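Peer 1: Chains as they are written, first to last, in my numbering: chain A, 1 to 239; chain B, 1 to 430.
Treat the hints as calculated values from the structure; they're not laboratory data.
The structure presented is a predicted model; accordingly, all values stated were derived computationally and were not measured.
Short derived list, chain B residues pointing at chain A, Cβ under 10 Å:
(1) Arg137
(2) Asp147
(3) Pro311
(4) Tyr336
(5) Arg340
(6) Asp341
(7) Arg365
(8) Tyr367
(9) Asp368
(10) Arg372
(11) Leu373
(12) Gln374
(13) Asp376
(14) Asp377
(15) Val380
Pulled a few chain B residues facing chain A out of the computed Cβ check, cut under 10 Å:
(16) Ile146
(17) Met342
(18) Pro385
In this text, a Cβ means the ideal position worked out from N, Cα and C, and glycines have one as well.
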Amino acid sequence: MSRPVRILQLYPRDMNIYGDWGNTLVLKQRLTWHGYDPQILDYNPGDAFPDDVDLIVGGGGQDSGQGVIVDDLQGLGPRLHSLAGNGVPMLVVCGLYQLFGHHFDTVDGRRLPGIGLLDVHTVGGTTRLIGNITTRHPDVGDLVGYENHSGKTYLGAGAQPLATVVQGAGNNGEDGTEGAQHHHVLGTYLHGSVLPKNPRLADLLLEQAVRNRYGEFAPGAIDDRYADQARRVAMTRPR
Amino acid sequence: MPIPLTTALGKVVRRAALARGGGSAFPGLFVERLDPSYVRRVLATLPRGVVVVSGTNGKTTTTKIVVDLLESQGLRVFTNRTGSNFVRGVAAALLGAVDLRGHLPADIAVLELDEAHAVHFVKEVAPRYSLLLNVMRDQLDRFGEIDHTARMLQSIARATTDAVVVNRDDPRLGAQAFAEGIVGPALRSYGTSIEVSARFPSDDNLYGGSEGAPHPAPAVYVDDTQLDSFEGDRAQISYAGGAHSARLMLTGVYNVLNATAAIALTRAVLGDDLREPQMLEALSKVRPAFGRGETLQIDGQTCAMVLVKNPAGFRLALSSYDPADTATMIAINDNYADGRDMSWLWDVDFGSLRAGGVTTVGGVRAYDMALRLQYDDVPVGGVTPDPERALEEFLGATTGQDKRIYCTYTAMLAIRKVLGTKGALDKVIA
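If we strip away everything but chain A, and leave its shape as in the complex, we get (with noise of 0.2 Å):
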């Protein structure tokens, strides 16, 4: 019996900046470990927004791909939301991130709108926060990952964070906060890529991307051990 999980990556074209597919290609292979069948579906500006999608998942992107790809979000805010709404779960990193709260506010003083999906809004910085980082989340444990970001974000009453910086700077360097949440939106800073070292951030979004679709989660037994490993190696380097 074929189950299906529809996967839609936002913009692979212009916000895929350093290891993005990894997080798209991880989704997919434990859906397919777990007994699912991963479509990938692709969407990038102008195109005809696809029906039926049970994950979304975004990355990060230059000044200029950013440029290219805020007008179209807008556009495609009011459908991001009522999904969100929905229960749909979505992974946002870096880029997409910052674009999935209020606005961003750059260094040369220009506002980049965002959707305000996330209860978040960013200024752009002078100095880059660049370094391994490890975090930790209240479900699912340490969070390990690279982070490099020069806007620092804040985050709104209405978001939660999404984690809690162990080693590392995280939103803004400030707060001890990392990401933000909200619904099933998840929203990080967290490069590396994110979801191989985090196999269980990557089956939270899977388990809540395949109940909202088939009423049940059957999880697979995955091996994790090499996981595991580059998890401890990674807390251990220098930042």
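On the provided structure of chain A, position chain B as indicated by the hints.
Peer 2: Relative to the frame of chain A, chain B by itself:
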């Protein structure tokens, strides 16, 4: 400070550093501090000036080819062969090359410079020629984003006095906007024919899902040198209305393009004085640079060392070599020179290794690499972070087989060192 005085002091420091087994960094730093204009003044004495080679991938090998091609034309060439592509590396290399009075016995300098350091270097020393290879995402933890890298290369081009040679197929270097920012020096181009262009994906091709598509028509096409086709060790390269067949000892598809770049630069320097047969003869004899596509002989079997440092380079390397009948090892470190962020491994498709698997995965980030292979369904024999033990396991498990080791920069240094001390290395074949 007079050149002979700085030279004398610098040479003393250099000799002391060498005697203590140190590298070139300190003597270079010493000269930089003592006499900041030393490098500029010594290089200013060269009758044919300075060539700067920069870009993300291929700097070291291309610089080596350029040096050999210029020497084939009877020129005496100074280069920073140590691979220290920072300004103080140039200062240190100069100390080794000048005579006691500070005279540099050379006609021209060919310098490989890291993009960020080149920007500072060209403020001191205006290059007569520059060769700009490509802009690929590399160590984003250092440069932030690749549009920024492209701007650094443009400032090198602007500081150049005579001729700038660009890879016209690179979407940033070949753009009209890049060319328009350059007034003064002549602009010349090199690239591939439409037919073979799909084998050289640009950064945009790699990330935009159009890998394997031919490049669009270039915006810049001036006095062009073109790679028409290649097969095995033969390449056809055309320029000035004629097609030329060349034989290469270098392996890897990217090195065929690096050779094309080197010819374009050599043509720019020599102009009408170019002696073609000598140039093509020299090209056929160029050997790979240290650790970059070198082939070693170990216990009677060949072992190819392939340096990988970013997604584009790794993908091109995997597409260059047939994995059949060859045992594969991958060693990934995350020291500063390698890049600390492991994200780049996820932008490389390892599907071509699925059939044969990877015998050994080594390096500080061996488990990250093994995890990456797991998600591409590539079988992994063993995972051993320590480079020495990983190499021993690999050699032990693959007796009688030809081998290939993909490694990051510091992993390559560690493996080369182990090979050297263990005496396992019979010889360097090519």
